[in-house]
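> All chains should be built: construct the whole structure from the sequences, respecting the hints.
Protein chains in written order, with our numbering: chain A, 1 to 1052; chain B, 1 to 353.
Simulated from the structure, these hints should not be mistaken for laboratory data.
Watch out, some of these pointers could steer you wrong.
Reference listing, derived: stretches of chain A covered by chain B, where coverage requires no fewer than 3 residues with Cβ under 8 Å from a Cβ of chain B [claimed, not checked]: (1) 486-498; (2) 702-712; (3) 726-733; (4) 777-788; (5) 804-813.
Positions of the beta carbon are idealized from the N, C-alpha and C atoms, including for glycine.
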Amino acid sequence: MASQDTNQAPKPLQKPAGIVVAGLKYRRIVILLSVVLIAFGIYALINMDKNEFPSFTIREGVVAAVYPGATPEQMEQEVLKPLEDYVFSYKEVNKKTTYSQCSDGMVMIFVELDDNVQDATPFWNEFKLGMDAVKLKLPSGVLAVETISNFGDTSSLLITMQSDQKTYRELGQYMDDLRDRLRTIESVGTMDVYGKQGEQIAVTLDPEKLTHYALNEKTLGALLLSKGFQTTGGSLRSDYYTQPIHVERSINSVYDLEQMIIMSLPDGSVVRLGDVAKVEKEYADPTSYITNNGTKCILLSVQMKDGYNIVEMGREVNKQLDAFNSEIPADVTLYKITDQPTVVNSSVNDFLRELVIAIVAVVIVIMFLLPFKVALIAASTIPIAIFISLGLFYMFGIELNTVTLACLILSLGMIVDNSVVIIDDYVELISEGMDHKSATLRSGTEFLKAIFSATLAISITFFPFLLTMTGMFRDFLTDFPWALTIILMVSLIVAELLVPFLQYKLIKQPIYKQEQEAIASGKKKFSFFVSLQKVYNKLITVCFKYPKTTLIVSVVVTVGGILLFVTRPFKLMPIAERNQFAVEIFLPTGTSVKRTSEVADSLEAILAKDDRVVSIASFHGCSSPRFQATYAPQVGGPNFAQFIVNTKSDEATIEVLNEYTDAYETYFPDAIVRFKQLSYSNAAYPIEIRVSGNDFAQLQQVSDSIMARMRQIDGLRCVRSSLDNPLVAANVVPNSVQASRLGQTNLGVEATLAMRYSTGVPVATVWEGDYGIPVVLKTPTSDDASASDLLDEPMPVALGASSAPLRQFADVEPQWNHGQLSHRNGIPEISIMAEVQRNVNVIDRTEAVMDVIDSMDIPDGVTISRGGDWDNSMTILPQIMEALAIAVVIIFFIILFHYAQINTAVLMVLSLLLCIPGAGIGMLIQGTNISLTCVLGIVSLMGILVRNAIVLLDYAEELRNQGATLKDAIFQASQRRMRPIFLTSAAATMGVVPMVIGGSALWQPMGVVIFYGTPITMIFILTTIPVAYWKMKARNKGANSPLDEPLETHMI
Amino acid sequence: MKNYIKTPVIIAALGAVVLLGFNSCGLKKEKITAAPPVKVEVMAVSSSDVSNTRTYSGTIESGDGSEVSFSVPGTIRNIYVSPGQKVTKGQLLADLNSESLVNAANIADATLAEAKDAYARLKKLHDANALPDIQWTEMQTKLTQAENSAAMAHRAVNDARIYAPVSGIIAEKTADVGQTVVPAVPVLKIVALGDVKVSISVPENEIAAMKPGREASVAIDALDGETRQAVLTEQGVVANPLSRAYDVKFRISNADGTLLPGMLCSVKLAPVESSESGEQGSIVLPPQAVLLSADNRNFVWLSNGGKAQMRYVEQGGLTADGIIISSGINPGDSVIIAGMQKISNGTEIIAAE
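Have a look at this one:
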């Protein structure tokens, strides 16, 4: 991508003056080209893809298997083991993070793929194919094995459709219409409907009556199945024509079913289905349903196809929604619970506004500090460089998102830097009496190498992040180095091609000299730079007078700063500011949807009273689709409910969370309520302690004692275990003698009980147009039964000729099963989850937990590891550190290349530490945590430092080449370079002011680091580095002689 | 260029404002606190009789009923009732074509009249001692014969009609008008409605407790679950070969006649004190309150002075209301029945009933 730019720039270096000369010679072409590129940039800004974030690839899929009637232990042994063997046979699977859960009759394996898997689709296709073979090895009772590979897909829009008066069926029809409309939009990808409730025709059998007629439900089921079955009826073939034969379906309505003859006696009397069963059309007792603000609704999740502009898609969807709204009845309403297009639009707009404010701030600073004409030229390069860069972004397919926008803001200071260095030099040169033309040429060439090396250094330092980071964070940073490189290289080219021409045209006077003279002559009372220069001159004189003290003070301050920095709390990925948050409600395993809904409804009522809450979408017994990339939905179930709460504003979200979290987290005795603020961390739980090993009883013991200790740690909330409460099963134990006398087999008992105590066995389908209604067989005990019903259950004897109660041949005992068994990497595990008190650092609390665990006596064979945010951070931290280290090495080599002196390079690398105190102080003042963007800020500080140091030292070497002594050269260079260094530092500082004030949790740390770090680092650059360089050089033997070789030759 | 004078002042001021402004939001630090006491739901343990009620599926059978038939042969002339009709005792139900019987009765009457007449004459002779004894005795016999013949002929006429022997409902009609019937072939079936029977099948291990006189409550599905009391009357002695169960019958009142034979019902038998496993004074806890420890033992959480306390228990089986606890806790203990996933031994709790 941007490598083209890096290639473009070096060429002119071979004949340094070439580029500047060419720029001046073909100035019309340059101007024309600039105008065209700026126009293209404006066009690009309007048309380029905009997203809030770079698209994350969620490399996760789910394998789910259903085996009704199996205990979690059975699931683990019979189903999970073979499935795991299969899953782990793939090298793409990340074994460490793949985990599985077994609950009653259900297994789920959360398969995580290695971060280096770029395109997961071929993998999943192969995986699903292979799964067919594995299915055959599973017990025959396993009903379904499903591989869900789109688990990571994120919905762009969640639209609810609700109505008080319309039935689910009618809503479903409207929803189908809506989907048909939206499908016409090209950018719309997958659409899924959630919360639909289907009608069913329930045939509620009375087992007693069946016995009376010597029937059983099995034969009845088979009969219904055969009536509802349709197959090809053959055809009438003649020589000329073939007519297919169709057999009319015999069941078309409830009436048909009721009248269906199930038995006819020789004497002509018949028994109809209506005689032995109640047949009615109904909505089945829902296992899950969705409400929006308390009204039943169905939900449409809309995803966007990759590579489209989400804002544009949002606009088109809105158009269709408006049209649709005018056609549906008034009592059917649509509501957007999550609306990524709007979020993206407003966040991109916010960022664009911040960018504009930043530009204005930088321009104002320049205007304040520089003489008008100089300021005008320097400031004009900002919009020019930015628009040209935007055009290039568009060309290279880099989308506009907060990352690339942050990159633009970050680079503002650096953009002016290049121009300022050149203009400053130019003005100095003409002050010295050089003619304009030569001054222009010389100013362009004198620092070309320096600013090229410096620009390269800054650009390249971010690339190591792409090498070392993996997963989501890499996705997050993908565009960052490229975007920065493009911007900086563009600014370099603008500075070299356009600025010389502008300065040549506009600045004819030795402005600085005039200014100094004006002050000297008393015409002008005060100039900022003149005063600043005076102050600095005094300072640098003192520093050079007491070099040791200067260095010692610097070292002390640096060490102090580093200490300050490393003691800052960690929070690598911050919370996401949204006007919405999620609430998750967990009840113990075995809780009915009804009870779960009671809790959910009361919490909803409490929240709804708050004025700041705009809407509450409530998912009962299920979870919402993934509506934010990092928010992995929980696995639903009757004991789970979830809300998506929309509030008035981002601030309201935080207020509401602050108020309600403590009050309602454990308000309901049987429920754990998690208020989940959206964040960029993809850890499911903030604190997770994983206890793993092969002896399950031991695991349970250890985890129990850890849990007990954790519950006493301050700042932790809702400590709980993945094991959950045990589920008490009713275990039917047939007495073999009695059972065989009655001809009862285990299979028969199981089948009969399954039929009578399940929510309904589908046996046929009745079609009403395109609406298929399943016919299900039920019994009165399907929906409501107790243990004594089971004991009294009349079991058919001799094919239903007679019946005997279950208790006649079997006992029913309570049996305790674990609520949920988990595996990670194939090893049994119990994880202990905990929430953390709001606004308390998670990493710090995790350390506190580990301290406690370390003091405990953990038996051999049990391994304790940490998950949650800590694991997340600690996976990333080494990667960041590695990237930093590589960046430092790269800087080292750039400097080495530049100066061809190892000791200079070592000095510079050491001086990189000077960035830290400024960053540390800033973070202390602002109370910022160490985060990913904060590290990015430090890397750019390093870039700025190296850049300024190179420009400064280059000038010193230049002076030495002209014959100055070492000390003088450095001393003069410092004095000369103070102004541009101050200027660019001021620009960089002002550029991030909106970022700091904006308070975005994600970007503020970066802003803080730069805002405080740049000025403080600047002081070091202007004092410590010259002194250190002087001292270092002075210790070399050739200290007082100019460099042996001309500078240029080192470069190539 | 005058504003250059103010520049440093402005920058300094701006810096100060920015610093102060940020400070207010920056240095604020949250105090780390312990988790608040956990809210749990508790239940005061009380011993109660375990409702070990047994339910049986039963069928209503007719109580005393009868099949009526003609005692004389003949052709049916008329049947006055139809199945399902309610009849009262003594009501005419059907009759035979009785002409020949009437004729026979008339002949008998004539013979009787003749005999009476001869008797009257001979009496005079006998009174006057003009008749030998043997003749007189013959005459007396003849008269008695004629009288009985007449009575029999009249009875036969009467027997050509069937009257309802009991009040009840016509359950079945097995002959039609015009059909010739011979005696003892049932023509109609009447079921009595005053009392009906409920028959249930009782598994062999429960039959011992089925003593006559035991009371049960019967819920009749067809009458929307209406319940009535019934009393055990008959206990079967032979097991049904299919279901290995014994028939046990209860008497149930059917004064209003709504119970019809063949109706399905469920019979609930309250436990008898001594014989059945219904334990008295047992403690029953909701299933979710009883947990399983790592060493595979059952335990419950007790609320003890504002703290959670773990207590091992022994369970005694499953009932409709929950799990029977045979030992470990006593009446008066507060058992935590919701919120167990949030507590450990010694966790501070707030109990709510």
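> For each hint, tell me whether it holds in the structure or not.
For each hint, the structure was consulted:
1. 486-498: Violated, because only 0 residues of the stretch 486-498 of chain A bring their Cβ atoms closer than 8 Å to Cβ atoms of chain B.
2. 702-712: holds (count 5)
3. 726-733: holds (count 3)
4. 777-788: holds (count 3)
5. 804-813: It holds, with 6 qualifying residues against the three required.
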